[in-house]
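Colleague: The chain contents come next:
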Amino acid sequence: MARFEQDVAVYDSRRPDEPPDAHSRPTSEPAWVKWTLIGIAVLFLAALLLLPLLTVFTQALSKGIGTFLAAFTDPAGAAAIRLTLLVTAIAVPLNLVFGVCAAWAIAKYEFWGKSFLTTLIDIPFSVSPVISGMIYVILFGANSVLYPYLHDAHLQIVFAVPGIVLATIFVTFPFVARELIPLMQDQGTAEEEAALSLGANGWQTFWRVTLPNIRWGLLYGVLLCNARAMGEFGAVSVISGHIRGKTNTMPLHIELLFDSYNFAGAFAMASLLALLALVTLVAKTLLELRYGDELAATRRH
Amino acid sequence: MAASLTRSTSLASDSLVRTARRRRAWSFVKPSVIPGFGVTLGLSLTYLTLVVLIPLAGMAIRSAALGPAELWRLATDQRTVNALWVSFGSSLVAALVNVVFGLVVAWVLVRYSFRGRRLLDAIVDLPFALPTAVAGIALSTLYGPSGWIGAPLSHLGIKIAYTPAGIVIALIFIGLPFMVRTVQPVLEELEQELEEAAATLGANRFQTITRVILPRLLPAILTGFALAFARAVGEYGSVIFIASNIPYKSEIAPLLIVIRLQEFNEPAASAIGMVMLVIAFVMLLVINLIQAWARRRYGAV
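Sequence lines, in order, name chains A and B.
Here the numbering used here runs 22 ahead of the position in the first sequence, where the first position is 1.
Here the numbering used here runs 72 ahead of the position in the second sequence, where the first position is 1.
Calculated directly from the structure, the hints in this document are not laboratory data.
Think about it this way: if two alpha-carbon atoms lie no more than 25 Å apart in a straight line, the pair counts; the simulated DMTMM-like pairs of lysine to aspartate or glutamate are:
no., chain 1, residue 1, chain 2, residue 2
1, B, K102, A, E132
2, A, K268, A, D174
3, B, K102, A, D208
4, A, K56, B, E268
5, A, K306, B, E261
6, B, K321, B, E335
7, B, K231, A, D281
8, A, K85, A, D96
9, A, K56, B, E263
10, A, K85, A, D281
11, A, K56, B, E265
12, A, K136, A, E215
13, B, K321, A, D281
14, A, K306, B, E260
15, B, K102, A, E213
16, B, K102, A, E215
17, A, K56, B, D193
18, A, K136, A, E213
19, A, K268, B, E335
20, A, K56, B, E260
21, B, K321, B, D149
22, A, K268, A, D96
23, A, K56, B, E267
24, A, K136, A, D208
25, A, K56, B, E261
26, A, K306, A, D208
27, A, K268, A, D281
28, A, K306, B, D193
29, A, K306, A, D144
Looking at chain A on its own, in the form it has when it is part of the complex:
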């Protein structure tokens, strides 16, 4: 008996990950295949993802730190940064509230037409960003039915900040809901029911039971939403009118600088957004490492 257990222990100790004689395992490939595949994957990801990222930072600093900083102190550059922050500060909180509401209704109840509603929420992901901007141009633009009323009320939407905000809201619309729905469906309703039966009211249940359970998924959804809101180009490009210093967001300002051959300036501005993307990725990786279980349901894109 003792011997048998020892055998098992020996067998088990060889099992994890890499056995010393990899060739003897029929469910793994020969070493040369393995290293060739790893080589292909590394080269492919380096050429497609890592080198572009490095290009952004080296090009940004290619003309020295002075030129790099000048891109942000330049009035048009500073205005672009301010506008991007303003638009994000409006769009992200609105989509956050919507995302939580939609996830609550969809995950905690069974109702007719639920899967159809889920599909509708996904629409902005499957629409070209250019179309996302165009629909607002058609709805509020100079040739639209609404335009005379808007004009009388001195409301300008197209080629102005409200249009940029609307287009940004549209493209970042599903992020929070998309992260929360599978997570909340996975968690079920037992804990909320327990809280309610112990006398908590709806708000207390949400703040003290549901929110702590979903906070990391919510944070991740908001991070993605924020990255996309600050970086949206196509939709905003269509509706903004590219008025320098007024309706140019950071991505539009990058295009302007790049097209006027101010590469160092364009990449300096781009490096800010690339940095934001890196922060988003690092936060995502840390969240997954630390709270992998709580995010498990969302690990499908």
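Since the structure of chain A is provided, determine the placement of chain B on it from the hints.
Modeller: Chain B in isolation, oriented as in the chain A frame:
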């Protein structure tokens, strides 16, 4: 006494269940003790309608008002048809490249352990987080005649930036995470026992991979392909910097929409938009059908 008591309670609970069931059959939502259904669903639907549904319907109505003949004339205009061909053709090539390399990357990330694996895993999400304009200027510099990759290639007589190959590179960049992140979780949950069984039945490793593993991955591969393709068709920001944007030759459909809008030719823009929307919805439908088929066949995706 005890028996009659249980019988009467069971009768009472029976009738309760029956009323509950009857009520469920009649009502729009399954009864629940959790509060807030009306508020959250109402808010979500209102927001969804205002931000997404009305603007999209506006564009549909606007292009329907043109009448079928005019719509057909605009959609079959030679420049439009060429732009659609460029968009769909290069998206198809890019999605096929992503099927091959995305599969290799997913395989390497799931099956092998090596130094730097976590970094590779994290960087795969970069295209989700990096703004498209930043990706566009970085790729066009990197693959341009004086870039780190473009310069050595131009010595060999190969041009990538400002050729159709450049469009494909940008679309591969955009689509890669869709492929990897769709295949990866399925590969992670594949039972190793299946491969062991195949091996004990005399299959060599190549047969096991092509006849056992790949068929199980097929639904995920098709879904990833469709997602990457759909995203690529609508892509604007990263492509316009690396493409030469020559009408009839290397002009993508979203760019033509932008050009038409700048000419205040909204009917032409919305006709192109409608064609792209219809195709995007067909793609969405295909994805859902693939997933339904896979669920029937393999349980869950």
